[in-house]
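Participant: Those sequence lines, one after another, are chains A and B.
Position 168 (the first sequence) corresponds to 168 in the working numbering; numbering is contiguous.
Take any residue in the second sequence, note its place counting from 1, add 319, and you have its number in the working numbering.
Simulated from the structure, these hints should not be mistaken for laboratory data.
Predicted model only: the values in this text are computed from it and were never measured.
Among these hints, one or two may not hold up.
Taking lysine to aspartate or glutamate and the EDC-like style, the derived pairs with C-alpha atoms no more than 16 Å apart in a straight line are [stated by the list, open to error]:
{"no.": "1", "chain 1": "A", "residue 1": "K222", "chain 2": "B", "residue 2": "E393"}
{"no.": "2", "chain 1": "B", "residue 1": "K539", "chain 2": "B", "residue 2": "E553"}
{"no.": "3", "chain 1": "B", "residue 1": "K527", "chain 2": "B", "residue 2": "D489"}
{"no.": "4", "chain 1": "B", "residue 1": "K354", "chain 2": "B", "residue 2": "E344"}
{"no.": "5", "chain 1": "B", "residue 1": "K425", "chain 2": "A", "residue 2": "E160"}
{"no.": "6", "chain 1": "B", "residue 1": "K324", "chain 2": "B", "residue 2": "E393"}
Among the chain A residues that face chain B by a calculated CB cut under 8 Å, a handful are [what the hints assert, rightly or not]:
{"no.": "7", "residue": "A83"}
{"no.": "8", "residue": "A215"}
{"no.": "9", "residue": "Y279"}
{"no.": "10", "residue": "S280"}
{"no.": "11", "residue": "A295"}
Using N, Cα and C, we set each Cβ at its ideal position, and we do this for glycine too.
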Amino acid sequence: MRTAELINFHEGPNDAASVLEHATESANDQGGTIVKPPTVSASKVSPGGGVWRNLTDWFTRNIGSALLALTSIAIFIGLWYLAVKYRFDFYVRFTNIPAPLDVLDEIVRLSKTDTFYENMLISLRRILMGFGIAVVSGIVLGLIIGRYQRARQLMFPMLEILRPIPAIAWVPMAIMLWPTNESSIVFITFIGSFFPILLSTVHGVTSVDPVLIRAARSLGAKEPALLRQVILPAALPDIFNGLSVGMGVAWVSLIAAEMISGQFGIGYFTWEAYSLIQYSDIVIGMIVIGFLGLACSAAIRLVGRLGMPWANQRGGNKA
Amino acid sequence: MSAEKGKVEIRNLDVRFGWGANQVEAVSDVNIDIKPGEFVSILGPSGCGKSTLLNVVAGFVKRTSGTVQVDGAEVQGPGAERGMVFQQYSLFPWMTVRKNVEFGLKMQGRPRSEREAAARTLLGLAGLLAFENHYPEQLSGGMKQRVGIVRALATSPQVLLMDEPFGALDAQTRVVMQQILTNMWQRFRLSVLFITHDIDESIFLSDKVYVMTARPGRIKAEIEVPLPRPRVAEMTTSPEFMQLRQQLHELIREESFKAMGGDLKEGMGGFGMEVGPQGVAELI
Chain A
1 MRTAELINFH EGPNDAASVL EHATESANDQ GGTIVKPPTV SASKVSPGGG VWRNLTDWFT
61 RNIGSALLAL TSIAIFIGLW YLAVKYRFDF YVRFTNIPAP LDVLDEIVRL SKTDTFYENM
121 LISLRRILMG FGIAVVSGIV LGLIIGRYQR ARQLMFPMLE ILRPIPAIAW VPMAIMLWPT
181 NESSIVFITF IGSFFPILLS TVHGVTSVDP VLIRAARSLG AKEPALLRQV ILPAALPDIF
241 NGLSVGMGVA WVSLIAAEMI SGQFGIGYFT WEAYSLIQYS DIVIGMIVIG FLGLACSAAI
301 RLVGRLGMPW ANQRGGNKA
Chain B
320 MSAEKGKVEI RNLDVRFGWG ANQVEAVSDV NIDIKPGEFV SILGPSGCGK STLLNVVAGF
380 VKRTSGTVQV DGAEVQGPGA ERGMVFQQYS LFPWMTVRKN VEFGLKMQGR PRSEREAAAR
440 TLLGLAGLLA FENHYPEQLS GGMKQRVGIV RALATSPQVL LMDEPFGALD AQTRVVMQQI
500 LTNMWQRFRL SVLFITHDID ESIFLSDKVY VMTARPGRIK AEIEVPLPRP RVAEMTTSPE
560 FMQLRQQLHE LIREESFKAM GGDLKEGMGG FGMEVGPQGV AELI
């Protein structure tokens, strides 16, 4: 086999040529086409150490980072404790701030009440609706604006004027526009997350490698298939960046809206605690907002990782 | 697959870009014939419009005048009956290797089981079956380009259009890929229009080589390659091969200098050299 000699010096694409020659000799013979597993991924595994060492490595790395994270949290709470205990009062006043243990007691008490959970659920529902509507409309509009020049010329200038208006500035207008408090809060949450999602989708669509579009068209793809099966997946990494940013802004907008015009919800809870002089509840409200926001961002990252398995292959830091 | 399809006729093709004073003539009065099952290369210096020519046949670029017919049908736009292999890697990164190969069949509305079977057969032939569930990012350059070829073949095109497909590969991989391509081509018996600036590559692969001039691209020469099939690496040192290489080299060298003549003339003038009316070619 001359081709086999030819190919020997090249260790990458193993015995492709000989396989091919074999196949040319006897058509439809599929039996002998067993190829060795990829050298590409194999080279990444350290030789000798095996699975066990990788596993222990992973643990030591992650225990280290967990310890560091806990350290910073402990220092934060420690400073808070000391500042309250010694009634720190030098321009910044800790005189009215509840101590960490008081907050803990209050959390235990609140966790036995229903309204506490109701407030959380109501906020989450508002996020889900406002953000959900923003996801669908932002991605659809972003695909259209990114793909079609005429649509871009028609819509983009107007959207660029609306974009710099912060969601909080929409609060009075939203209260006038929408029939219920609930719908105006959802609207404000939507407005906050819509623009980051729209813009990153447009960016994703306009930066799709043109050769991919050509390849798809030369394989017979027409416009609808091109949009759904080529442009959308190609833009997904950018879209998920927009979703992460959008989720952050959605929470900012939601809390502001709840504080100003709300009934129920965790933002309302926090503001109400201030009015009712229940200072521990202010801290609890803030902590809950922090954790809910964190959970929502984590959920988006998870969906991104599941939805874009190919991106994980090269580190997956994009989503 | 029979060799009755895959006839390409290009008649008096002109391609111009832009309007008025800014108009650029990319391709001028090109006539090319590809017989069914023939492997034809277009060889030319960079920037001579050979990729433009291929893109016209692929249906991506509109011709200014002339006709391009594949099996008697005028080319109107891109289509799966003309498979395309690009110079850059053009695999869909979000699809596994097998899904990439299935894409054309999916666009034709073929059922999943049929697509899978076809893709796996083709991947087996290219020695890539073990990688069917890998993502393109995990493959080497040569493997990616093999998947690209297999993907273009999946829809059983009449003609395969290849735009310097091995240009981005290292020299060793390129030699292997050329061997794989001739084997594939012999098996599938389809026509190939292959763009390259590599003289050896064009001789090794082709039945016929068209040499293009510097911009605007015209056909300067049409050289038949009488080497027997199947082609093997040893042939590259045979006297016939050497002679063809010499012939093509002379044809191309002139055009390469013409292609960058303006810059070269200025540069050489700076060294106190005299350049006559024929340009730098006479200095060499």
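Participant: Which of the numbered hints are not met once you compare them with the structure shown?
Facilitator: 1, 2, 3, 4, 5, 7, 9, 10 and 11
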